[in-house]
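As you go down the protein sequences, you meet chains D and P in turn. Each residue of the first sequence is one higher than the one before, starting from 1 at the first, in my numbering. Each residue of the second sequence is one higher than the one before, starting from 1001 at the first, in my numbering.
There may be inaccurate statements among the hints.
Unchecked claim - Keeping only pairs whose Cα atoms sit at most 30 angstroms apart, straight-line, the calculated BS3-like set for lysine-lysine is: (1) D:Lys438 x P:Lys1166; (2) D:Lys18 x D:Lys284; (3) D:Lys443 x P:Lys1166.
In short, the hints are calculated from the structure, not lab data.
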Amino acid sequence: MRIADHVHQSLNNLWKKKLRTFLTAAGVVIGIAALFSMLAFGKGMQKNVLDRFVRLELFRYITVFGPSEGPRGPRARRFRDHQSPPTAPPLTDERLAEIANIPGVEAVFPEVRFPAVVRHEEAERFCLVQELSPEIVASGLVAFRTGGPYTHDDPNAVIVSDSLLRDLGFTDPEAAVGKPLTVATIRVDAGLLNPLNIATALTGAALPFGQEEHTFTIAGVAERMGIGMGMVRSDVLIPAGTAARMKTVSVTHLSDLFKSTDLSGAYSAAAIRLTSTTHLDSVKAVLREWGYGTFALADEVDQIETAFLLMDMFLAAIGMIALLVASLGIVNTMVMATLERYREIGIMKAVGARNSDVRRIFFFESGAIGLLGGLFGVLFGWLASLLINDIVNYYLAAKGVSRTNYFTFPLWLWLASIIFAIAVSLAAGVYPAIRAAKTDPIKALRHD
Amino acid sequence: MKSTGPCALIEIQELTRVYPAAIPVRALDGVTVAIPEGCFLGISGSSGSGKSTLLNIVGGLDRPTSGQVTVESRRISDLGSDDLACYRREQVGMVFQSFNLIPAYTAMENVALPLLFAGIARSERIRRAEEALNAVGLASRRDHRPAELSGGEQQRVAIARALINKPKVLLADEPTGNLDTTTSAQILRTLADLNTVGLTVLMISHEERLLREFAHAIVRLRDGRVIEYESIR
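Turn these sequences into a full structure, and let the hints steer you where they fit.
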């Protein structure tokens, strides 16, 4: 039999049993749609994350850590393998200047953070305020919902996250830009440092700390904080150098109180921006030679991709369940067809059909179900994904999150889904096809 | 007629067919018949005498337990599955009592079925099927399905299908069993006409009168054995 005749005959036979074909193919449609949507979601998530890394030029950054006194806190655990040993030289301003002179280094930004209470009218929240140079703020690491980055000429500007803004009672982020924000810092109270008060403090009755308030003007509202290898880790950002004129105590963790006095004036970490990613290895080599531990996101890409691969496999496994059920439907339909067409198979063999002809007839029919299911499955999956994307975006828009495409539909996913549908259907057709080919024509011709 | 000489188109030698069962059924038991080219051979016998088994083995639908069948010097009992399918498609045509047409196919599609499995192009299939239907007087019924045809018409469609590949042998298993007397006579006349132009016909029938009217010879079977070979003309 010719291929064209097989195709014609299989479609003809399926058309004669329209309802059964529709119901069987519907199972494949649902299975493929689920698989297609799941993988499109996985790929969408991967693309969003990696695109964001690229857009923010995160692969151009290296974080260098000051001497470590052992892991502490969740961040320390995350970077444990990258921390500098306790013997590493302190990250002083002089050392940062030396780092800035390493070939391939564009700029070095020390990490400065201190605890503060942020107030607006009656509302207040405790948080860590971070100094961040205008260059980093403007680099794209901070995604602005409204307003924009500050400049060197504006030492009283502040950038706040939209989540903190909501906590402070702002309902419209755009209306917050230009509004004053009070930052209350902890300072050492000299008046409490006389021997009598120290004795009182030692009994736990009072600590020698006071508060100092500074007023800033909101320059911008950021969508998200806490990305970029910890470079932006606070809900309040102020221009670099501002902390120096504020009488702050840079204690972000109780263990800071036990730090060696040798490290006073040294930074716990610094972000290094490279002129290009090609200098990543050479700069890291110099820093390693100087005794520092480093962390670069570019080194983690393989792990990120592996993590996404595992996520894809998990999502695909969920989609496969529906397809597995659909394949059982195909087996059932095709076995039914061999029983119903038992006599017809006998007639075909009596007039000269080979076993392989009969086998192919049923293979083509199950393959045609797979093709139909695959084509409509990807179409249905695509439409369902677009609908889900719109619903999620509509819901998140109310929470102030900008529109994002959570699904990605690469060409290979369309083709692979259709081919997979056909392959699964053909596999489901193996048993019925073999069974049909083994039909004894004499018995079949006697069958009513 | 019962010679085993070199001019025989079909040679059946010591053909035995035993169906496996708790008590094995010996459907054919050492049948030997030689059928020359152009012969119209009638096969008769009571029910269970082995007539259909004999025809099925000659038609390549069944295989003997022992013995051999040679058609045009080709030992068909030794053929592989694919070669046997090719033999059924091209060297013999079969007509059955119950017509065995595919209900969902039109008359033309049924007639063209052997050509489909021969890998012949659709246009050629249609041309030859129309020609075959025309030969049995059913050109006007080409697009009708079996349910829309009378018994006689269905059997003529089956004959057209059996002859579409121009075989040398036509095997007919009770072709008039489901037909009335008039239609039976028409069908037998058709077979006799085909025999006249050189087709070798092997036909099973209960009706001795019909066989005597059309056949050159009659083989009578009982319990799987040839009990009589009668030359009529």
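Now for the hints, and whether the structure bears them out:
no.: 1; hint: D:Lys438 x P:Lys1166; in the structure: 28 angstroms, holds
no.: 2; hint: D:Lys18 x D:Lys284; in the structure: 66 angstroms, violated
no.: 3; hint: D:Lys443 x P:Lys1166; in the structure: 27 angstroms, holds
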